[in-house]
Amino acid sequence: MNRRQKTLIYASFSAFLLIAVMAAGSFLTEEATRVDFARKNLLPSLGHIYGTDWFGRDMFIRTVKGLSLSIVIGALSTIGSGLIALMMGTAAAIGGRRVDACVNWLIDVVMGVPMLIFLILVSFIVGKGPQGIIVGMILTHWTYLARVVRAEVLQLKSSQYVIAARSMGKSNAYIALRHILPHAYPQFLVGLILMFPHTILHEASLTFLGFGLSPHQPGIGVILSESLNYLSAGQWWTALMPGLSLLVIVRLFDLLGDSIQSLYNPYKSHE
Amino acid sequence: MTIPLKPNPPLALPRFVILLRYSGKKALRLLLLMFAVSVVCFVLMKFSPIDPIEAYIGGEHASLPPEQIEHLREYWGLNDGFAVRYVKWIRGLLEGNMGTSIVYNQPVADVIAEKFSASLLLMGTSWALSGILGFSMGIIGALNRGKLVDKFIKLYCLTLASAPIFWVGILLLIVFSVWLGWFPIGLSAPIDATAAEATWGDRLYHLILPALTLSLTGVASIALHTRQKLIDVLDSDYALFAKARGAGKWLLFKRHGFKNILLPAITLQFGTIAELFGGSTLAEGIFSYPGLGKAVVEAGIRADLPLLVGIALFASAFVFAGNFIANLLYAAVDPRIREGARRI
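Chains A and B, in that order, are what the protein sequence lines are. Numbering-wise, the first sequence is residues 0 to 270 according to numbering that gives the first Met the number 0. Numbering-wise, the second sequence is residues 0 to 343 according to numbering that gives the first Met the number 0.
It is worth saying that the hints were derived from the structure and are not from the lab. Please read all numbers here as calculations on a predicted model, not as lab measurements. Fair warning: there could be bad hints in the mix.
Below, in silico cross-link-like pairs of lysine-lysine (DSS-like), each with a Cα-Cα straight-line distance of 25 Å or less [stated by the list, open to error]:
| hint | chain 1 | residue 1 | chain 2 | residue 2 |
| --- | --- | --- | --- | --- |
| 1 | B | K253 | B | K150 |
| 2 | B | K153 | A | K5 |
| 3 | B | K258 | B | K248 |
| 4 | B | K146 | A | K5 |
Here are some chain A residues pointing at chain B (derived, C-beta under 8 Å) [what the hints assert, rightly or not]:
| hint | residue |
| --- | --- |
| 5 | A100 |
| 6 | I106 |
| 7 | V108 |
| 8 | V134 |
| 9 | S231 |
| 10 | W235 |
| 11 | L245 |
Don't be surprised by glycine CBs; every beta carbon is placed ideally from N, CA and C.
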């Protein structure tokens with residue numbers, strides 16, 4: 000088996016797992032996390048592999064629901080950020096020196112403000128809950144990808160085949176669609192997938208601090224900040240397992256992004 | 000026909016003028032960025048759902064007659080145009096008037112000064128620790144590429160890079176506070192003593208866990224980066240040539256590796272200050288460490304807009320200052336910038 004096939008298997012495996020978590024989370028109903036004091040504070044066992052919490056809710060089900068909500072929020076913010084990045088990056092690359100300087104400066108401004116503090120400020124103004132997180136993340140996460148898009152388009156713009164096409168009288172739209180887009184979109188896609196884990200982690204952090212999801216919504220941040228209250232009672236499993244699951248999901252997205260990148264990269268794909 | 004020899008170009012400006020011009024440019028950039036951040040903060044404040052009158056007078060504002068409220072609005076300049084209000088606000092800021100914190104009932108500048116000294120200790124410790132540790136880990140990994148040590152370092156960094164900081168903090172709390180009982184759960188000073196009375200020993204004692212959390216997670220990016228850079232250097236032609244002449248691994252690193260990887264590492268480490276701020280917010284939350292991070296969360300939850308905006312402004316100034324120092328260090332270390340125009 001060569002590396003390309005291995006990478007493909009990795010990629011499809013992580014994609015499958017992520018979709019499975021999302022689907023499982025949306026099929027689970029309120030009934031699954033019903034409060035049941037008869038089975039509270041159970042250690043992880045075969046029946047409840049993540050144990051149960053103070054109210055007897057199964058931690059595994061809560062974790063899966065939380066993760067699937069995180070993935071949905073992450074997806075929305077990633078798409079929004081990606082669109083901004085696409086516009087900003089393209090504008091910087093083709094809009095001339097002034098626009099370029101402007102966009103670069105804007106990127107510096109956004110990157111200079113500590114992200115978590117900016118997110119707190121935005122969520123305070125837009126309101127707590129998913130919409131506050133999503134707006135905040137869309138406003139802050141586009142910078143890196145915008146740089147990638149800008150560099151990519153700049154490089155393509157001055158490539159031989161684009162210059163040749165232009166001198167043959169092809170229209171701008173034709174060049175953009177036939178020559179720039181096919182080369183730029185893999186980079187963009189990879190950037191999007193790699194942005195995903197960041198949004199998920201930031202959502203969890205924000206929720207953990209009390210600004211994101213409200214305490215009755217399922218969320219890893221909610222679970223972990225709750226677990227802080229029961230630590231002194233020796234409940235380690237309510238913190239360990241959900242956090243570990245979050246870590247695994249984030250790693251999976253990273254792996255997915257990396258493997259797609261190496262599949263698309265002509266220099267790497269046949270190694 | 001003889002071509003007249005061109006006279007040597009006059010020696011470029013003296014070194015300190017180049018450095019001065021360079022740092023002047025960077026300082027101007029810093030000022031521009033701060034201006035942008037202040038505008039963003041002001042716009043956000045303008046759109047916030049908090050009515051200043053309501054915030055200051057509290058629930059009683061309903062019992063005030065409308066003329067009185069109108070009078071107050073006029074008095075505080077709330078009816079002025081956007082630009083006028085901004086100029087007034089920024090003038091106040093420059094004079095050091097950042098408003099009064101609602102939560103702490105103190106001038107915002109005082110609150111920030113007090114909290115920041117605690118945060119600075121935490122961030123400085125973990126910044127230095129993670130920098131040195133990460134740098135050494137990267138070097139060890141690259142020099143032993145492909146061996147077990149390298150694999151372990153890579154795995155550690157990749158895992159910790161995706162781990163939520165607050166989760167790492169909770170795990171440390173479980174191990175060291177709950178199971179081993181070495182540290183109390185929370186507070187940077189004993190609960191019965193005021194902050195001023197806490198001894199240095201106390202402070203250090205309560206600093207250990209949050210600093211450990213930030214350092215454990217902070218090493219990842221710098222270690223991976225340093226490792227990659229050093230591998231690039233070791234794969235280069237000049238390294239191959241040195242090897243052919245019989246240079247050992249250590250000599251190769253000392254003569255060719257170290258200087259080449261130091262610069263990017265410095266930039267990267269100064270660039271992480273923004274992230275460190277976020278990380279310390281989380282760590283302070285978990286370990287109830289009374290720093291800026293804890294204050295910003297408090298301000299956000301209890302709708303203390305002056306403090307929130309004050310901290311946001313202060314934090315960005317801090318981050319920009321970090322980047323500025325990195326640029327100056329760069330100029331001092333990198334001969335290409337230091338010698339500037341003289342080479343061209």
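Each hint, compared with the structure:
no., hint, verdict
1, K253(B) x K150(B), "holds, 23 Å"
2, K153(B) x K5(A), "holds, 20 Å"
3, K258(B) x K248(B), "holds, 15 Å"
4, K146(B) x K5(A), "holds, 22 Å"
5, A100, "violated, 11 Å"
6, I106, "violated, 11 Å"
7, V108, "holds, 4 Å"
8, V134, "violated, 11 Å"
9, S231, "holds, 6 Å"
10, W235, "holds, 5 Å"
11, L245, "holds, 6 Å"
Comparing the model with each earlier hint shows violations of hints 5, 6, 8; every other hint is respected.
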